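Single-letter residue listing:
There are 4 protein chains.
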Amino acid sequence: MIEAVVMPGPHQPLEVRQFAEPRLEAGAILLRTLGSEVCGTDVHLWHGQLAGVPYPIIPGHVSVGQVAAIGGQAADVDGRPLAVGDIVTFLDVYGSCGRCWYCTVAQASTRCPQRRVYGITLPAEEGLLGGWGQYIYLRPGVHVVAVPPELPWTTLLAAGCGLPTALHAVERADVRFGDVVVIQGSGPVGLSAAILAQLQGAGQVVVVGGPTLRLNMAEQLGADAVVDIATTDAAERIDIIHELTNGRGADVTIEATGVASAVPEGMRLTRDAGRYVVVGQYTNAGDVSFNPHLDLNQKHLDVRGCWGSDVGHVYRAVRVLARYHTRFPWANFVSGHYSLAQAQQALEDVAAQRVVKALIIPQSDPPERIGDAERAIQE
Amino acid sequence: MIEAVVMPGPHQPLEVRQFAEPRLEAGAILLRTLGSEVCGTDVHLWHGQLAGVPYPIIPGHVSVGQVAAIGGQAADVDGRPLAVGDIVTFLDVYGSCGRCWYCTVAQASTRCPQRRVYGITLPAEEGLLGGWGQYIYLRPGVHVVAVPPELPWTTLLAAGCGLPTALHAVERADVRFGDVVVIQGSGPVGLSAAILAQLQGAGQVVVVGGPTLRLNMAEQLGADAVVDIATTDAAERIDIIHELTNGRGADVTIEATGVASAVPEGMRLTRDAGRYVVVGQYTNAGDVSFNPHLDLNQKHLDVRGCWGSDVGHVYRAVRVLARYHTRFPWANFVSGHYSLAQAQQALEDVAAQRVVKALIIPQSDPPERIGDAERAIQE
Amino acid sequence: MIEAVVMPGPHQPLEVRQFAEPRLEAGAILLRTLGSEVCGTDVHLWHGQLAGVPYPIIPGHVSVGQVAAIGGQAADVDGRPLAVGDIVTFLDVYGSCGRCWYCTVAQASTRCPQRRVYGITLPAEEGLLGGWGQYIYLRPGVHVVAVPPELPWTTLLAAGCGLPTALHAVERADVRFGDVVVIQGSGPVGLSAAILAQLQGAGQVVVVGGPTLRLNMAEQLGADAVVDIATTDAAERIDIIHELTNGRGADVTIEATGVASAVPEGMRLTRDAGRYVVVGQYTNAGDVSFNPHLDLNQKHLDVRGCWGSDVGHVYRAVRVLARYHTRFPWANFVSGHYSLAQAQQALEDVAAQRVVKALIIPQSDPPERIGDAERAIQE
Amino acid sequence: MIEAVVMPGPHQPLEVRQFAEPRLEAGAILLRTLGSEVCGTDVHLWHGQLAGVPYPIIPGHVSVGQVAAIGGQAADVDGRPLAVGDIVTFLDVYGSCGRCWYCTVAQASTRCPQRRVYGITLPAEEGLLGGWGQYIYLRPGVHVVAVPPELPWTTLLAAGCGLPTALHAVERADVRFGDVVVIQGSGPVGLSAAILAQLQGAGQVVVVGGPTLRLNMAEQLGADAVVDIATTDAAERIDIIHELTNGRGADVTIEATGVASAVPEGMRLTRDAGRYVVVGQYTNAGDVSFNPHLDLNQKHLDVRGCWGSDVGHVYRAVRVLARYHTRFPWANFVSGHYSLAQAQQALEDVAAQRVVKALIIPQSDPPERIGDAERAIQE
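Residue numbers (the numbering used here), protein chains in the order written: chain A, 1110 to 1488; chain B, 1110 to 1488; chain C, 1110 to 1488; chain D, 1110 to 1488.
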């Protein structure tokens, strides 16, 4: 039998349940889970803030595992055949179809209506379709990305879902060399955006957020300045940004807060003809008001909503991590490792912001890299 | 002496005043006015709704004239030397500097702080710096565009400032072949946008506006459907657009209304991952509220404020008019010609929407085309 | 039994052969062919100029048919369920996978290695996988686009594969309002490009090609000027274009010739900082030389190869045709209808440029529009 | 009297000549030269390889100086008033007009026909219009960029003209996160491009060039791999890049070699649907041949010529240097400092590739930073 954590419903305690070992369809993959992320979305799930979730579910939408079995043949995104023992991650979004009107004509694959998400919108009764278990069942067609040997998988999980989300947002922001980039929010998405802005040649990166612990981390990651929302109001923050930018405002602002009032504030933090990407309004946090003349039309502002991420973002995120993880300490995002039995605690620690991010580690002694993994498999 | 209409201040009656013939600086041009547009902006000026206007002013920001004198040498945007008798238009925006941070680094020339606008932000005490007079003084450096011989100048004025504004907005909308384009507003900007959407290969063009007179004109211009705001509410309009678009909403929506509540409505008229250009919020019409999650982030929407126009837009507008004015009846936008003495009446007719657009024609018998103009000059 | 034309191999006479009625897999569709295009690619096929063709094949890559049977359920690109009697076209490219590295990470679906093409790269021994037969078998997953009721299907075939190809090229050309667009080549791709340039608001459209018949057609389609390659050499053509463009050259040039020497010539026809799209080098026509300093680097030129088309291009092409086919006489591209037995003649007439395009019409009396089709089905 | 180095004509020995102290026009600036770059373009000048050079000239197109006098008032690109003692650089391109058709309609300012270049196209008889002298005369309108206090001006000169050129090329390359970027050429432009590719989040940076000294520097700057052109032929290089890229080729290739045959090779180094920027063909190095079908059209390749740089590139280059000069050792590009009297030696050392780059330092003891400068002024 296989153990996995189940979230029975909103506000109900997590449980470790037993699952039968699945039979593999052609093209399916069984992953032995090395680790799975616990992030703010899991807190949203537990609070019942997301619509259409088919509880009970096995949470865990970003995970790394080792291929334990393959239903015939399967390949990674690069087209390389997978083999037992490979360490891989996968796109949590299962079923972005590549065929519908949104995927083909509109080329807006993150709005594909076929999308189902591991750990979020797939019910536990359909199987091991979330990362907080000993094994994960990858249905045929799930996009798999190999973890490069030089990249510790724990670092990949530390970056977690925040990195491809931030990567999508920063791509959409069209940062130009030397731009001033303001990030609203210092959670995992905001912190990754602060790194990625530097990997776009930004001239100045300012993180607006809190609490102090996270702002300190922003500075460690290279932010040129931080602004604490606990000690400033919106008008003061706009003044601060204008002082830093010769009176103009940020060339690019990226919202990663989840707070509705951050949006009109972000418009005002941005210079005329700048770009403002809104990626943090993942759940409905209510309405806000703004002034279409002053905040948008006269400013000649670009405001860009940014939803989800897709296989390209995950693939590129892995490439970026492999190349730059020794320069930027993504690994520090994680402040705690938890066993399956400790999942409830992990969730509560994330909810209370006692940690930036937590990992569920189902195995007692997982290998750190592929070399280790191969030895482990052989033993 | 030269006669010109002066607007002494908000809500004050227009007056025809006498001006001395100006002496020409090097590079300056004196135009004998053939005609000048009366548009909604002039009504805003008269109502005192624009900030920073140095009353008294000579209104008239889009005009056509015949070169009467040149201070030495001057050339049009194409670099061709100008000669007395040439029929030309010019960029109302004088002084977009091409040198400041906004013009060079940000490449956002319509946000150049040096911009001054003929007929709007240049005081009458500085001279003939508006179109509603017998002559217009073009300061050195004003961008001049020759009116091609095949294009009647009255048609150019009928299109007026609405055309380059709409052209800027439609450029910014990235219309793709076959797209459904919804235009909010049926004034001069909206009507030109409805034409230009067809000149981008739109698959369907829907105009939402009023009153009936203007919606009829929209249909004459090729709109596939019109929606009357007098007989529908916002929810109904959203339903109508969804019915026309397989439930998805418009690929592109262009706002040209001046009404703040049109902006959140426009977000909802647009499909997921579509583009929404806001060009009609030229004056401050108050705040509105929207939902950042539903209307922007989850929609993966692009919202693009669009301010003003620049020499490229005017140049391209003249090219488009010259090529397509026989196919699309821009000339019909004008419903009345007025002398200088009738300027007050023209303003009131536009304000009351009794006409789509009015022209001030200072000369009693202006030539229609260059051939006529040359004969007139020779006589 | 079902009749279809088979091309046994290069330079071998076409034959009409009998095929058994296929059994439908789940999601497959059987189309009763209304018509199928004969185009230059078919001549290339017959001359053996394309690599990797699994002769014998059933030619015909752009076709229109009526749904005769469905293997369970199937939907068109818009997601609407298909029904027997619907008139549809389909993407000749079968299997652009939407999943591989090129489709997802690079977003270059026309370079997807999985692509197979109806009428070109699918062997006759696998079934009715080309358009020159009484029926066409659409494998599960073939992208189907419904033909709108207002669009005669013969017009869609007249536009044929040239239209989505040209649409892809013109999209890639970023034509701006008022631009001068030069088209090299007056075959089906070039002629459609000449129309589409007008549907991008081009200020001037010049077609360089021949013979006279086709240049006349270019003028009927709205070209502002034509240049006959039979009576000019490259230097003269460059002079002509410079005279038409104030000495600068074309803002945009689109190559659709198939002649290698057209490429350096096209670079020189284009202005500094212009865009040059190369879409006509579909087969290997040899090497050419150019000067990287003068023709590319100092010119600050953009040169854009453009390969194939995808479902979005076909979808948009159908939208554009439905909206604009009464304005631009695409229907005139076709100069001959041929039965299955006359396919050899059709091929030779196209090869000899006796016709711009030919259609294979397998049924003796096909309906022109859906209303007729429904009646025909009912009878 | 003021001393400056004069290049009397191609292949003639440099001379130090005396110039009278200039009188300042309104808006002009007199700079006390701190240093000026010697780069490959100066070698081209000396070899007579550039057309239209009005010998004799004062060479030196990228320089840093201290404001010694101002003709009334002048401001930097940010709009901040300049003061005596400020350390600044300036755009060598004087007169990019911001007003002509290329600057406004085409938005291709590096093709502005008004451009004149300090140190290249301005004759010595018109004054101190090059950097290799004790003072430089900045005509009114020359774009000035302040050197930030944290940036040593010697580092700015070490980056020199290669950095804004590379920045322009890399901007035009649209590098995406994780992309494989191949740089052809290991001179100053290529080396800066190798840094900037990392500042765009490239996943892998490969430099193809030589000699060993420069390839070693490329590795110090962070290149993941280097390929020596002295020990490989074109076919081998293509094989190497394919091996590094899963058989696909580079996502982005940037040419910075000056060798014509590099261009078709670069097309083949790049993957299907990739981007290839050609920036190194600054002088006419002859014709080359390529295959339009295989190298361009079927590849769906983007080839982008890239000419010169403009004020935005210089401004952004200064921002990037200020932020990242401690991470990437641009300062190491300089291997020699030379007095005015040693200019001939500097030129010959650069020509012989004995140094990557040389600096002319006219003052015996120039200050390193603004604080020092102020003290020097006060003393």
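These are computed hints drawn from the structure, not numbers from a lab. Remember, predicted model here, so these are calculated numbers, not experimental data. Even glycine gets a Cβ: it sits at the ideal position worked out from N, Cα and C. Be aware that one or more of the hints could be misleading.
Unchecked claim - Partial list, computed: chain D residues near chain A (C-beta under 8 Å):
1) F1128
2) R1132
3) L1133
4) D1185
5) D1187
6) R1281
7) F1286
8) G1287
9) L1305
10) Q1309
11) G1310
12) G1312
13) L1353
14) N1355
15) R1425
What the hints assert, rightly or not - Per the computed footprint, the stretches of chain D lying under chain C, defined by three or more beta-carbons under 8 Å from a beta-carbon of chain C, are:
16) 1214 to 1224
17) 1239 to 1253
18) 1387 to 1395
What the hints assert, rightly or not - Some residues of chain B that are not near chain A, with every Cβ distance over 10 Å (derived):
19) I1111
20) P1122
21) V1125
22) P1131
23) G1149
24) P1165
25) I1179
26) A1184
27) A1215
28) P1257
29) D1333
30) A1339
31) T1341
32) G1395
33) G1417
34) R1436
Going down the list of hints, with the structure as the test:
{"no.": "1", "hint": "F1128", "result": "violated, 35 Å"}
{"no.": "2", "hint": "R1132", "result": "violated, 32 Å"}
{"no.": "3", "hint": "L1133", "result": "violated, 27 Å"}
{"no.": "4", "hint": "D1185", "result": "violated, 10 Å"}
{"no.": "5", "hint": "D1187", "result": "holds, 5 Å"}
{"no.": "6", "hint": "R1281", "result": "violated, 12 Å"}
{"no.": "7", "hint": "F1286", "result": "holds, 4 Å"}
{"no.": "8", "hint": "G1287", "result": "holds, 3 Å"}
{"no.": "9", "hint": "L1305", "result": "holds, 7 Å"}
{"no.": "10", "hint": "Q1309", "result": "holds, 6 Å"}
{"no.": "11", "hint": "G1310", "result": "holds, 4 Å"}
{"no.": "12", "hint": "G1312", "result": "holds, 4 Å"}
{"no.": "13", "hint": "L1353", "result": "violated, 13 Å"}
{"no.": "14", "hint": "N1355", "result": "holds, 5 Å"}
{"no.": "15", "hint": "R1425", "result": "holds, 4 Å"}
{"no.": "16", "hint": "1214 to 1224", "result": "holds (count 4)"}
{"no.": "17", "hint": "1239 to 1253", "result": "violated (count 0)"}
{"no.": "18", "hint": "1387 to 1395", "result": "holds (count 9)"}
{"no.": "19", "hint": "I1111", "result": "holds, 34 Å"}
{"no.": "20", "hint": "P1122", "result": "holds, 28 Å"}
{"no.": "21", "hint": "V1125", "result": "holds, 33 Å"}
{"no.": "22", "hint": "P1131", "result": "holds, 33 Å"}
{"no.": "23", "hint": "G1149", "result": "holds, 15 Å"}
{"no.": "24", "hint": "P1165", "result": "holds, 25 Å"}
{"no.": "25", "hint": "I1179", "result": "holds, 34 Å"}
{"no.": "26", "hint": "A1184", "result": "holds, 29 Å"}
{"no.": "27", "hint": "A1215", "result": "violated, 6 Å"}
{"no.": "28", "hint": "P1257", "result": "holds, 30 Å"}
{"no.": "29", "hint": "D1333", "result": "holds, 19 Å"}
{"no.": "30", "hint": "A1339", "result": "holds, 22 Å"}
{"no.": "31", "hint": "T1341", "result": "holds, 21 Å"}
{"no.": "32", "hint": "G1395", "result": "violated, 7 Å"}
{"no.": "33", "hint": "G1417", "result": "violated, 8 Å"}
{"no.": "34", "hint": "R1436", "result": "holds, 28 Å"}
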